[in-house]
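Colleague: If you want the building blocks of each chain, they are given just below.
Protein chains: 2
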Amino acid sequence: MSNQLALGLDFGTESVRAVLVDLSGDERAAASMNYPHGQITKTLPGSDQALEPLFAFQHPGDWIASSAQAVRSAMQQAGATADDIVGIGVDFTSCTMLPALRDGTPLCMADGFADRPMAWPKLWKHHGAQKQTDRINEVARQRKEAWLDRYGGIVGLEWFFPKIYETLERDQAVYDAAEVWVEGGDWLVWQLVGGEADDLPRSTCQAGYKAMWSAEDGYPSRDFLAAVDARLADVAETKMPGRMVAPGQQAGGLCAAMAEAFGLREGTPVSAAIIDAHAGVPGVGAGDAGALVMVMGTSSCHMLNAVEQKAAPGVAGIVRDGILPGYYGYETGQAAVGDAFDWIRRMLGVDDFAKLDEAAAAIEPGSDGVTCVDWFNGCRTPLMDGALRGGYTGLSLHHGPAHVYRATLEASAYGVRWIVELLREHGVPVDRFVATGGLPHHNPLLVQIYADVLGAPIEIPNTTQGPALGAAILGAIAAGPDATGFADSAVAVAAMTARITGEHARIVQPDMARHADYETHYTRYRRTAAMLQRDTEG
Amino acid sequence: MSNQLALGLDFGTESVRAVLVDLSGDERAAASMNYPHGQITKTLPGSDQALEPLFAFQHPGDWIASSAQAVRSAMQQAGATADDIVGIGVDFTSCTMLPALRDGTPLCMADGFADRPMAWPKLWKHHGAQKQTDRINEVARQRKEAWLDRYGGIVGLEWFFPKIYETLERDQAVYDAAEVWVEGGDWLVWQLVGGEADDLPRSTCQAGYKAMWSAEDGYPSRDFLAAVDARLADVAETKMPGRMVAPGQQAGGLCAAMAEAFGLREGTPVSAAIIDAHAGVPGVGAGDAGALVMVMGTSSCHMLNAVEQKAAPGVAGIVRDGILPGYYGYETGQAAVGDAFDWIRRMLGVDDFAKLDEAAAAIEPGSDGVTCVDWFNGCRTPLMDGALRGGYTGLSLHHGPAHVYRATLEASAYGVRWIVELLREHGVPVDRFVATGGLPHHNPLLVQIYADVLGAPIEIPNTTQGPALGAAILGAIAAGPDATGFADSAVAVAAMTARITGEHARIVQPDMARHADYETHYTRYRRTAAMLQRDTEG
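Here the protein sequences come in this chain order: A and B.
Numbering-wise, the first sequence is residues 1 to 538 according to the working numbering.
Numbering-wise, the second sequence is residues 1 to 538 according to the working numbering.
Bound conformation, chain A alone (with noise of 0.2 Å):
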């Protein structure tokens, strides 16, 4: 058996994992640590000022301290030496974001800074921006900005240059000291790595799906910047140094503080960081141009790679390098699953989660009328609309609560089937479907009904650990061919995945009458879509 490891590192809100794996996918080890400051939304640190309802930080020294511990515990559970590790990849929360100075220091670590709430790493959950958010999004849609067309028209609350002008608006003297503002991945892999600012390896993911950045035209113009605030004007020139490096592809070799702070080896290759939920698409065996995957938990987040870019109305988020190098990595997404499937059974006042789910499967496809448009929370793909609403139609007197919710996870499917229709309708194939997150593994009814609706098989590989395991994929790729012996990204993703793929996956089969059954539903399902649509926009 070869002793090669591959290093994930997963980052997430209230702890950081670190796996180890074979290169035949074989989990070694696996260790997680809390950060000892957790999610800050009360306090800051060394502070009893509250502060804001909608404001969330994180401690950039909990990431560095919580992950070598939890990097040495992992090494030792494994039995592993330095030298056994052949890459090391990192996957983030994002958009968690900070200001720096050149040297690296956080803000917040610096002298003067530690008490400014603005100073602090902001988490991808922190809303304090909504008002620089829309501000953003006035100003390019009035200058019809050709990158909104990636982004299916609109700005996220939770990006990065809104987390920017939201730090001029509430405290100008940080955004005056920051020197650098980064992702914090991208902090973290310029810690792992050393070198100078404007050495500093930006992720292509972070940036593509978070600033606004294509490899094509690089960050949003300085006439936009301008145009939004004019003190914003040179911020991506003068305060965003460093090089545009992909997920998978080598940001730099281990430097010697880094390796005697995690007991690693100096110059073990380093990947890339990549957003956290990105790394689930190779962390569940989507290594070729294709597979969509579905990660379904609170929200949704639909992640394929292609080989080329299409512009597809209303798909948010397509990124060349953006999961895999070479692809082209697009993103969709629906903004209330898990979520409005608990909304319901709390509306419906069910407690028996159980009996609801066996009298919905008793019922026939189309909810015997009752169609669902399950906008709770607005519509991501591919409306892109936070001021969608959702409802109910075709109520008669004879329904009751298992119409109801059948009718929730149907429009779920249809949802998915719509984002997938309007995929390839502009060209982007999409050949299998792959589930993941929590969802799927504790709802078996809502995944018979997506390969219903869908009409194809899916698949939910055996693990929920999928983002830790693509974090260790990418740095076994980002180790190169000659280290790991596979010749390219696809091939290193098979074979790390194949304890948790194929026949050690559930395959859930459609069944083809109800294929043929849901197409007059799904149809008057989009009729009733387009009518709510309609409805907001009136």
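It is worth saying that the hints were derived from the structure and are not from the lab.
Please note that the accuracy of each hint is not assured.
Copies of one chain are not kept apart here, so a pair can be met inside one copy or by any two copies together.
[Stated by the list, open to error] Listed next, the in silico SDA-like pairs over lysine to any residue satisfying Cα-Cα at most 25 Å (straight line):
id, residue 1, residue 2
1, Lys144, Ala30
2, Lys239, Ser73
3, Lys131, His398
4, Lys131, Leu397
5, Lys125, Ala387
Position chain B relative to chain A; hints supplied.
Modeller: Here is chain B on its own, set in the frame of chain A:
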């Protein structure tokens, strides 16, 4: 104190109620008697052959026996003598109808017919005539029958001609043997006053609302009936003898035989019959034009008297002398009211109604953007379409059961407002609102929402027995001014409802600030309703 009493006979589905009321509206006695045979839905009396599921009959012998017993009991309670009774009024469920011989014998009591279901009186809720109703509607629409306008464009499953036609198709021997087709209420009055079949006093109310009759045009034409089925061509001419009499007009004096049976005086004036719901109009004090009487229960029936006939599209049932002599009676309705509230509470799994009401009351008008269209049983007025279905829009993850429930109550109020606007737009005055039936007494939040949405006070008379009192009032009106001193029906109604209206009623005042708020919410409701209507039709 005058000892002049009016007798009201209120024939229901399970029982008959006799009330004795003096001319100041004081109820002196009331007695209910169940029908010995109750509703006949399983087997015919003396048979063990199962009836079809949608069948529902009554025994005409019960009507006489139970009402005579109830009258004797009430007379005894009141210590009244036969000479005290100035007049008798009769209200009856409708369309409850039967085939009879010209001598008045119900066909089911004639030799050789007791074992034939079609020979028995079909209760209002007998639903065996779906096929025949469809055919009648199809032919009426094809021929563009002018009378369709008076019924909102549709003939109901429970009406007179569908029940005749059902008999013809199911058992032609019964149809052939039937010499007289007659409403149960008319048959009862015929028995009370005696006389030849050609002199049979038929109620303009029942004929107008249930048999497509009008003072101007009579029954549907021979051509129409022949187009439905050649065998029906002469049914109105040959099998529906009699003269038309309005409720409150005297059908005749009590005949000797019935005076004997009931313990009353021969010659006592008897009013023409009236439909039970319609008797509620005078019974709650609406003896004038312009008072919308909302009879609110499982479904709602909204009735109104007007001086003129104005064709208002979608307003079903405009009948001259239909409710009170000298007025055009308008009947409109909502198909699901109490039913809809029960259904949504069950749907939401709510056990604690008081808590739900409290939570719903705390929500502002408009239910925070949740809109309901309450067509859970189709839409009666104004769209007259049983195939329409209900829905909810504007739903978001932060909404709870109380939003959905309040939206359902608001939908009901918007439905009334729509009807009122339609009437007023077409020149039918609506000056005040009276709510009766079970719901207004049990659901104060609902009545408050109605008042706020309408921007007008709603009077809830202090009675749950409006129809029985209404029947008594019609008895007094039929007795004439010389007997009672009442110059006209409006005076009679006002005097005899003085104990339940005015200071005795509950008046729910509108909150005019909320009424102003409801303007936009009502507009949103109408837009949503139009959308769901198009969706069903499309």
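Colleague: Does each hint fit the structure? Answer for all of them.
Modeller: Hint by hint, here is what the structure shows:
With identical chains, the CA atoms of lysine 144 and alanine 30 are never at most 25 Å apart, being 47 Å at best within one copy and 79 Å at best between copies. Taking the shortest alpha-carbon separations for lysine 239 and serine 73, neither the intra-copy value of 37 Å nor the inter-copy value of 98 Å comes in at or below 25 Å. Taking the closest pair of Cα atoms, lysine 131 and histidine 398 come within 25 Å of each other only across two copies (21 Å); inside a single copy the shortest separation is 46 Å, beyond that limit. In the homo-oligomer, the alpha carbons of lysine 131 and leucine 397 lie at most 25 Å apart only across protomers (22 Å), although the nearest pairing inside one protomer, at 44 Å, exceeds that limit.
Taking CA atoms no more than 25 Å apart as the test, lysine 125 paired with alanine 387 passes inside one copy only; the shortest distance there is 19 Å, against 46 Å between copies.
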